[in-house]
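On the provided structure of chain P, position chain H as indicated by the hints.
Read top to bottom, the protein sequences are chains P and H. Note that UniProt numbering numbers the first sequence so that position 41 is 41, with each residue one more than the last. Note that UniProt numbering numbers the second sequence so that position 344 is 344, with each residue one more than the last.
Incorrect hints may have been included.
Put simply, identical chains are the same to the list, so a pair is met inside one copy or across any two.
Unchecked claim - Subject to a maximum C-alpha distance of 27 Å in a straight line, what follows is the list of computed DSSO-like cross-link-like pairs (lysine-lysine):
1. Lys175 with Lys416
2. Lys462 with Lys386
3. Lys46 with Lys418
4. Lys278 with Lys357
5. Lys360 with Lys278
6. Lys46 with Lys167
7. Lys360 with Lys290
8. Lys290 with Lys357
9. Lys360 with Lys279
10. Lys279 with Lys357
Calculated from the structure, these hints are not laboratory results.
Protein chains: 2
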Amino acid sequence: MQNIDSYVEKNKDRFINELIELLKIPSVSADSAYKKDVLKTADIIKKSLEKAGCDHVEICETDGYPIVYGEKIIDKNLPTVLVYGHYDVQPADPIGLWTSPPFEPVIKKTELHPEGAIYARGACDDKGQMYMHVKAMEFMTETNQLPCNVKFMIEGEEEVGSVNLSKFVKNNQEKLKNDVILISDTGMISKDTPSITTGLRGLSYVEVEVTGPNRDLHSGLYGGAVANPINVLTKMIASLHDENNHITIPGFYDKVENLSDEERAQMAKAPFSLDNYKKAIDIDDVYGEKGYTTNERNSIRPTLDVNGIWGGYTGEGAKTVIASKAYAKISMRLVPHQDWEDITKLFKNHFESIAPKGVKVLVKPHHGGQGYVTPIDSIGYQAASKAYEDTFGKTPIPQRSGGSIPIVALFEQELKSKTILMGFGLDSDAIHSPNEHFGVWNYLKGISTIPLFYKYFTELSK
Amino acid sequence: MQNIDSYVEKNKDRFINELIELLKIPSVSADSAYKKDVLKTADIIKKSLEKAGCDHVEICETDGYPIVYGEKIIDKNLPTVLVYGHYDVQPADPIGLWTSPPFEPVIKKTELHPEGAIYARGACDDKGQMYMHVKAMEFMTETNQLPCNVKFMIEGEEEVGSVNLSKFVKNNQEKLKNDVILISDTGMISKDTPSITTGLRGLSYVEVEVTGPNRDLHSGLYGGAVANPINVLTKMIASLHDENNHITIPGFYDKVENLSDEERAQMAKAPFSLDNYKKAIDIDDVYGEKGYTTNERNSIRPTLDVNGIWGGYTGEGAKTVIASKAYAKISMRLVPHQDWEDITKLFKNHFESIAPKGVKVLVKPHHGGQGYVTPIDSIGYQAASKAYEDTFGKTPIPQRSGGSIPIVALFEQELKSKTILMGFGLDSDAIHSPNEHFGVWNYLKGISTIPLFYKYFTELSK
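Extracted from the complex, chain P is given alone in its bound form (with noise of 0.2 Å):
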């Protein structure tokens, strides 16, 4: 393709400045208090689509937050490429770590990143990202090279489930067929070693709810002799896992595809360093399944990690109460062959048959999706790591993410196409945490890699 290097560096200020825009706003799905920030987001998307060269763009309207869907097709018989993203934000708290406020993005220079970093809730995880494929699009119409037909799908629940989409993919199977689907949503292993993700994790999310007593009591009075929920749930939890960090959940396990040696073998050549991991987020020490190596643990082992857990008094000084209630939300990641909903059942079931007297305990399942792999032979892998080997000189590494796209697999069994995850971001960039930031090196590398998949996606189609 011609000239992409030039345009992007003519163009690079306006890039920025345009995301940073679309990054003041804090489109937080999980949060109802931000219902009119999501949606103004979504009319932003639009407009942006428009203005990129999309033929057709509509705001579709679903149960939840809006889809914004664009598309230009310039040939029947060339391929189509469906690009998928979303707008939607993790919550940013604790708001306290945060060194700048979320949503005011300010580009900070680091080791990493001495060209500067973008810093802001959403700056990687997916508005950055997503916001590269809209650029690139642009720089195909702007200079005629867009090679074959192109839709955008973007929505705006990804961070809490993307129920509703799956309701819209189901619904609108002729209106989303496609070749292959483009997401950008992952990372890759470094700024000089890039990777293609081939697999994600699935996902399960419950939240438990432990009630002893009616009401909250006095320690001194009842302590030591009616069951303290806040004590029981944490026996109860600390049960799920046994002294190797396995599972204790009946059945958890059964459909667990264990990878040959040679499988292990293959990852563990992606280079990586205990060292600068442990040092990167100030651990003396990994901690995991007994049996797995730290890349292994977060990509091909299932876990389960409590993500918030509340109960009883919880301010300042001290308060001698025995709490009527404890709270927990947990989240499981599964991989491939685990069927999100059968282990959500399972879940659910162990843990309230484990539940002692004097306690009554509810599981609520939140939300989940299925694991995904996708092959490194396939023409659209192909395209991409050709893409790669253009704008990076090495050819990718293939790896799997210990992340979850729940709505990937679903792509696959309603749209009958395999999912491309051409990721720019890194680990370090602090997605879900407090200081989440892109790299605006990264951020323009994915704008003028990204054509390049449409250039050979095309050619080896044909």
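Chain H only, in chain P's frame:
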């Protein structure tokens, strides 16, 4: 004594209204947001003691909230009763569970309290019970029947550990010199079964903090590969009790006094219905240390309860995060001979020792106090017993309470005198809980019983 009943009957509406005014002020000592209200309450107590006939009343400043002191010395050769109480209250949360605002007192009739009960934070603990003594004093001075000397010491930090009261007592032994200490900050078995508290449990209150990674992490990218502070905290807390609900901290039981079978048989005679106990707090079964009854578990046995726990995302919806930190407030109720400072050290050393690699653990001691036992053959106990006999027509039952009034052990140590615990509250008063209340009948019964203690104590002292 003359016309106690007629005096109480004539003035009961005023007695109730004065208490209601006192209860309107949110004197929450644990939360600095209420500082002004706590100080305002101290002033009101000062004025009430002056009106009740104390000669010399003063607000004694401390490093924290002031202590209100008042006295009436009628004859150096007569015995002196030191009345202790507190004007601070527990925090009111969870506010949402109150059926009426905690600081807008209302009188409601209930099955147990056909005469009505005053609903407000502090109604029983301890504003209501403390104010009974002020009104009893008023009666004795108004009717010229005060038989001995009286000193009042009303503090504002009982709910946060009485740290400054301890210093005050140590530095004012002459001023506080007395022959017996009288406190109403406990309960009785039931309206028709008066009881005198002969034992109190000690307390050690700590806050723990578990720190994992230096920032919140994405649970997909890091889940399973790093220690999750919340999961770790639940495992650590769960390990503090074994399968028989014995506390596992090494040395924890070393100094626990084991009661003789005879003493336990005596205790077992106190009227108690396990069915009513369970029904009152809506639990299907009790829970506690193996080998002990419910009444033993919450009086003669030490306990460990989590009073609050928090960490990670606790807002609406879902957030897939591994928190950097998790916290818990933990209190241990101790029995006589367990030294609270030793137990706090044992806890700290043990809790830090069981922390797995990959996390840092911090244990912050909050406050504490020693347990206490009073003999039933003392003049003070006998005087209290006779007072109850007069007003209830029954001999009160000696009973050990599971609660703690840490300052009582210190009184004995510093002032060399015994404390008599004349409580008029009921377990169902919901102290420390939403909808705390105090029966009007109990309040007035206390006012008419207390002067008789002065009478008999003075007679028996001759």
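Hint by hint, here is what the structure shows:
1. With identical chains, the CA atoms of Lys175 and Lys416 are at most 27 Å apart within one copy only, with a shortest distance of 13 Å there and 88 Å across copies.
2. Taking the shortest Cα distances, Lys462 and Lys386 sit within 27 Å of each other inside one copy (16 Å), while across copies they are farther apart (105 Å).
3. Taking the shortest Cα distances, Lys46 and Lys418 sit within 27 Å of each other inside one copy (25 Å), while across copies they are farther apart (79 Å).
4. In this assembly of identical chains, the alpha carbons of Lys278 and Lys357 lie at most 27 Å apart only when taken from different copies (12 Å versus 42 Å within one copy).
5. Taking identical chains as interchangeable, the C-alpha atoms of Lys360 and Lys278 lie at most 27 Å apart only when they sit on different chains, with a minimum of 14 Å there against 40 Å within one chain.
6. For the identical chains of this complex, Lys46 and Lys167 are intra-copy neighbours only, at 21 Å inside a copy versus 69 Å across copies, given an alpha-carbon limit of 27 Å.
7. In this homomeric assembly, Lys360 and Lys290 come within 27 Å of each other (Cα to Cα) only across copies, at 21 Å, whereas the closest approach inside a single copy is 33 Å.
8. Proximity of Lys290 to Lys357 under the C-alpha cut-off of 27 Å is restricted to the inter-copy arrangement: shortest distance 14 Å between copies versus 33 Å within a copy.
9. In this assembly of identical chains, Lys360 and Lys279 lie within 27 Å of each other by CA distance solely across copies; the values are 15 Å between and 42 Å within a copy.
10. For the homomeric pair Lys279 and Lys357, the shortest alpha-carbon distance between copies (14 Å) is at most 27 Å, but the shortest distance inside one copy (44 Å) is not.
Checked against the numbered hints above, the structure breaks none of them.
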